[in-house]
Amino acid sequence: MIIRERAIKYGDNVNTDVIIPARYLNTTDDRELASHCFEDLDKDFKKKVEERKIIVAGSNFGCGSSREHAPLSIKASGVKAIIASSFARIFFRNAINIGLPVIASIEASNFIQDGDELEIDLSSGKIKDITKDKIFEVNPLPEFIQRIIRSGGYVKFTKENIRK
Amino acid sequence: MSDKNKPQTIAQKILAYHCGRDHVSEGEIVNAVVDIVLGNDITLPIAIEEFDKIGTGRVFDKEKVVVVPDHFAPNKDIKSAQQCKFIREFARKQEIKNYFEVGKMGIEHVLLPELGLVLPGNLVVGADSHTCTYGALGAASTGVGSTDVAVAMATSRLWFMVPKTIKFIYSGSLKKWITGKDLILYTIGLIGVDGALYKSMEFSGPAVNKLSMDSRFTMSNMAIEAGGKFGIFEVDGITEEFLKPRSDGNYKIFRSDQGAEYEKIYNINCSDIELQVAAPHLPSNARNASDLSNVTIDQVVIGCCTNGRIEDLRIAAEILNGRKVDGNIRTIIIPATQNIYLEALKKGYIEIFINSGCAVSTPTCGPCLGGHMGVLAEGERAVSTTNRNFVGRMGHPKSEVYLSGPSVAAASAVAGRIATPEEVM
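Taken in sequence, the protein lines are chains A and B.
Count the first sequence with this note's numbering and you get residues 479 to 642, in order.
Count the second sequence with this note's numbering and you get residues -11 to 413, in order.
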C-alpha cells in the first residue's frame, strides 16, 4: 500500500484532549467528531487537511485518554497516515485497530517539514520525502499487527479468526 | 540460562498465567484471556457498535463485563442522555450483572476496587486510560480503546505486547501532608510524560510499603501520565487488609522474581519531597507548591478517580474545618462513590465542606475532563486533584489546570491562590 500526500507538522505530546476535546465526546458519529478534530490545537486544521493528508509529529503522539474518538476523528478528517517519533500506547493500539496506519520514526519526524510531499510504502516500511529527496527505512510492524492491518482492523480480524 | 528459566517481573508472570504459560518474553505479542472488561458512557457506545459487527451476539461472561456510566452522568445534555441510554439498554439485553445506575454509580476506578471486582493477579482491560489504577492491588490492568473492549467482550481475549519494566524504589520518610499524589507527580516530573512509554511501572520500597491503599491507588492511577501500561504494587499486609471484607481470599498473588530484569531502576528519597503541583500544560511540570504561591485561581476541584477517596476527603476536611473558602473561589468536592459519600457524611466531612462554602456533588468524572459540574471559562485557572492539565482539559482552551493533592487543593481554596496547609492553618 502506497500513500502519497503532503505533511501537516505538529510538535511533541499532541494529546487526545486537543485531538478531540471531551466536550464533543457525546457522540459516536465520526463525521461530527471530525468537524472538531484538532480545533484546540490548530484552528486551520480543517483547511489544511483538504490538501495535506499525512500528519507528522514529535514524541508521545496521542497521549492521554483512551478515547478511540481521537483516531476516528483523524481518520474521518481524511488523514491517510500518521508519522511520529513515538506514539502513546493506547492511541497506537486504537489506530491499528481501526486501520489507520501509524509509523514511528524519530529520524523521519525530525527531518520532515510542514508541507513536504511524502510517499509511504507500508509493506516495505519506506518513507520518502519527495520534496527533499530523502528516504527513511522504518522497522516493520510485528507480523501479528500487520495481519490485523491486512484484515482491515481488529474487528474484521477477529471475525475471520472466530470462523476458523 | 535459557529464556524459559529467566527470572520474570510481575507483569510477565500475570500475562503468562493468562495465556496458560509459565513464561513470556518482553516484546512478545501474546493473546491473553482477561478477567474483567470495563466500559463507560463515553467509550462503550463505540465498543457496542463494534461488538455488534463481530456477531457473537452475547458477551463472553455477563459477570465479567462491567459497565459504569460515570463521565457525563448524571446526564449532562441530551446527547449524553442518549449515550447513557444506549449502554443501559445494552447492559439490560446482555444481562450484565455489574451495571451501576446513577444512585449506585461511582467513578469506575474507585468503584471496582471498593466492590472487590478486581483482585490481585487479575488481568483487567478497560476503555478508559486510568484503568491502570488497579495495579495498586497487584493486578495487571491497563486502558485500551473501544474496539479492544468490543473484541474482549466478544471473545474474552485480547492481544498484548509484553512490556519491559521500570522499577521505582521509594525510601525515606514522608513529610507531613505528603500523599501518593505528591510521590507520583514528583515521579512523572522526574521521568517525563513519556518516561515509561509502553512500560510497566513497578512501585516498591520502604516508603510506599507504609502507604495507605488510597495513596497507592492514586499512584497507580497516574502511571498512564508517564505513558505507562501498568503501574503495579506488590500485594502486602495493607493490600490484604483492604481485600479482607471484599473477597473470599480466592486470588493468586504474583511477585517479581529475584534477579528479574528491569530496564531502569530509580531510587527516590522521599524525605526530600515537598508538596507537589503540576503546572499547565503537562502532568510532568511538577514543582514545589511553595514555589507557586503567587498563582491566583478561580476554582478548586477535589475528587476524581485520582483523589476522590476517603483519605483525600479526610485531608480536605482537616484543612477546611472552621475555615471559609475564599470569596472569589468556587470549590467543588466530589466523593468518588456513594459509599465514600456516606462515610464522609457520617464522619462530618460533608458538613465541614458545606459550612466552609464548598459545593458537594454526587459521583461523576464531570469536571476532570471539562464535561460538566465545573467547566472553566476563558482565562480561568483551577487547582484540581485530577490527573491531567492538557490544553482545554477542564474547559476553555485558554483555561489552566494546576494538578495537586488534596491538601494543597483545600489550602488553595481558603487562600484564593496556590497555598500549602501551613499557610492557612
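If you are wondering where the hints come from, they were derived from the structure by calculation, not from laboratory data.
Some hints could be false.
[To be verified] As a list, the in silico EDC-like pairs of lysine to aspartate or glutamate whose alpha-carbon atoms are at most 20 angstroms apart:
#: 1; chain 1: A; residue 1: Lys610; chain 2: A; residue 2: Glu638
#: 2; chain 1: B; residue 1: Lys67; chain 2: A; residue 2: Glu585
#: 3; chain 1: B; residue 1: Lys41; chain 2: A; residue 2: Asp507
#: 4; chain 1: B; residue 1: Lys41; chain 2: A; residue 2: Asp508
[As the list claims (entries may be wrong)] Sample of chain B residues facing chain A (criterion: CB under 7 angstroms; computed from the structure):
#: 5; residue: Ile30
#: 6; residue: Lys67
#: 7; residue: Ser134
#: 8; residue: Glu299
#: 9; residue: Phe378
Just so it is clear, CB atoms sit at the ideal spot from N, CA and C, and this is done for glycine as well.
Violated hints, by number in ascending order, as checked against the structure: 1, 2 and 8
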